[in-house]
Amino acid sequence: VVAGEAGSEIAIREMAHRLTGVGRRFWVTDEHASCAKAVMILSARSSKLEVNPSRPAMEMPLLWHIPLSHYNEKVRWALDHKRIAHRRQVLGPNYLFRAWRATRRGTLPILWLDGRAIGDSTRIIAALEARYPEPALYPADAAARERALALEDYFDEQLGPALRAAVARRYFGTIRTSHCAS
Amino acid sequence: MPNKAYQTLRPLVRIFPAFYRFRHKIKDARLEADRATVNAALDRIEQERQGRAYLVVDAFTVADLTAAAMLSPILQPPEIQYPLRLELPTYVRDYRAALLQHPAAQWAAGIYRLHRGHSAESLRRAAAA
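The listed protein sequences derive, respectively, from chains E and X.
Per the working numbering, the first sequence starts with residue 1, numbered consecutively.
Per the working numbering, the second sequence starts with residue 1, numbered consecutively.
Bound conformation, chain E alone:
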C-alpha cells in the first residue's frame, strides 16, 4: 500500500473486504471501512519508517538496539572498540514487527550498514570485522580465530540465555523514578 492510495475510497473498501472476510463488497459497513482505513494509513507509515534507515545508513551505521540487553551490549561494545561513529535508535513497542520486517527475525540488535539490515550479534560483528578490520577483534592466526569464534558461540548460546533466565523472574523490580524525570 502506498501513501497516495490510502485515501482512495475504492482501495479502502477493498481492504475492508479483505480484512473482514465479508463475502460481498457492498456488505462492508462504514465501521469496517474506518478500521481498514486506519490499517492502511498505519501500514503506509510503517513502510515509510522501514525505508528511512537505509538512506542515512549510507553515511553512518545505525543501530536499532535495546539498552539493557546483553546481546545489544555486545554489539555496542564492538562498535565502540573499533571507534565506528554510529547512531543508535531505541524502537517503540512495535519493535518486534519492525525487526521482523527488516531481517525476517524478531530480534534486536539490528545494524543498518551500507543500506543493509544485519541481525544477530555474531553476524553483525563479522560484518564489522570485514568492513572495519582495525582494531581487530578476531585473532590473525587461523586456529586462534577458530577458537575465539567457538568461545563466542558458547557464551552466546549457553551463558547469555542461562543468565537471563537466572535473573528474570516474575518481578523485575521498580524503575527508580528519580532518574527518569527528564
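Don't take every hint at face value.
[Claimed, not checked] Simulated DEER-style distance windows between Cβ atoms:
(1) E:93 / X:59: 39 to 45 Å
(2) X:32 / E:96: 28 to 34 Å
(3) E:136 / X:52: 31 to 37 Å
(4) X:91 / E:59: 41 to 47 Å
(5) X:30 / E:143: 34 to 40 Å
(6) X:30 / E:59: 44 to 50 Å
(7) X:28 / E:97: 25 to 31 Å
(8) E:59 / X:103: 41 to 47 Å
(9) E:123 / X:114: 25 to 31 Å
(10) X:28 / E:158: 33 to 39 Å
(11) X:32 / E:97: 32 to 38 Å
(12) E:157 / X:103: 20 to 26 Å
Quick caveat, the hints were computed from the structure, so don't treat them as lab data.
Remember, it's a predicted structure, so these values are computed and weren't measured experimentally.
No residue lacks a Cβ here, since even glycine has one placed at the ideal position from N, Cα and C.
Since the structure of chain E is provided, determine the placement of chain X on it from the hints.
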C-alpha cells in the same frame, strides 16, 4: 540517549516481565539448571584462561568481549553505558553478590575496566529523514 530510552521503557515495566518470560521460554522449574549453566560458563572462563589475562591469545578478542558482555546485566560494571535503574529485588541482589565472588566475574569486571572505552555513538540527531 539513555534518558529517552528509559522513558520509553518505563510504561512497559508492568507488563514487560510476563512478555519477556514468555518470549524467552523462561520457566521457574528450570531456575536451578539455568544457574548451574551460568556457573559452568564461569568455570569454563577460568579453565580457558588458565591464569592469563585473555581467553585466546595475548590480546583482547571477540571471545573476551562476548564473555564480559554476556555477564554485564548482573555485573553492572561502572563502565556500562546503560546501567540498570531498578531497585533490584532481594533474590537478584543475593545472586549478584554470590556471582561476584567467582574469579571469572572479577576477570570480566577487569575486562570492562580495561577495554570498554567510550561510546562512539554520534550525537547527531537520529532518524533525520
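Between residue 28 of chain X and residue 97 of chain E, is the Cβ distance one that fits in 25 to 31 Å?
29 Å, holds
Given a hint of 33 to 39 Å, does the C-beta separation of residue 28 of chain X and residue 158 of chain E actually sit inside it?
20 Å, violated
Please test the hint of 25 to 31 Å on the beta carbon pair from residue 123 of chain E and residue 114 of chain X.
Given about 26 Å between the Cβ atoms, the range holds.
Could one say that the CB atoms of residue 30 of chain X and residue 143 of chain E fall in the range 34 to 40 Å?
35 Å, holds
Within 32 to 38 Å or not, the Cβ separation of residue 32 of chain X and residue 97 of chain E?
35 Å, holds
If you check the beta carbons of residue 93 of chain E and residue 59 of chain X, does the distance land in 39 to 45 Å?
41 Å Cβ-Cβ, so the 39 to 45 Å window holds.
Is 31 to 37 Å right for how far apart the beta carbons of residue 136 of chain E and residue 52 of chain X are?
19 Å, violated
Using the Cβ atoms, figure out if residue 59 of chain E sits within 41 to 47 Å of residue 103 of chain X.
Once the Cβ atoms are compared, 44 Å apart, the range 41 to 47 Å for residue 103 of chain X and residue 59 of chain E holds.
How does the Cβ-Cβ distance of residue 30 of chain X and residue 59 of chain E compare with 44 to 50 Å: does it lie in that range?
45 Å, holds
Could one say that the CB atoms of residue 157 of chain E and residue 103 of chain X fall in the range 20 to 26 Å?
23 Å, holds
At the C-beta level, are residue 32 of chain X and residue 96 of chain E separated by a distance inside 28 to 34 Å?
30 Å, holds
Starting from the hint 41 to 47 Å, judge whether the C-beta atoms of residue 91 of chain X and residue 59 of chain E obey it.
About 46 Å separates the Cβ atoms of residue 91 of chain X and residue 59 of chain E, which means 41 to 47 Å holds.
The structure does not agree with the numbered hints 3 and 10 stated previously, though it agrees with the rest.
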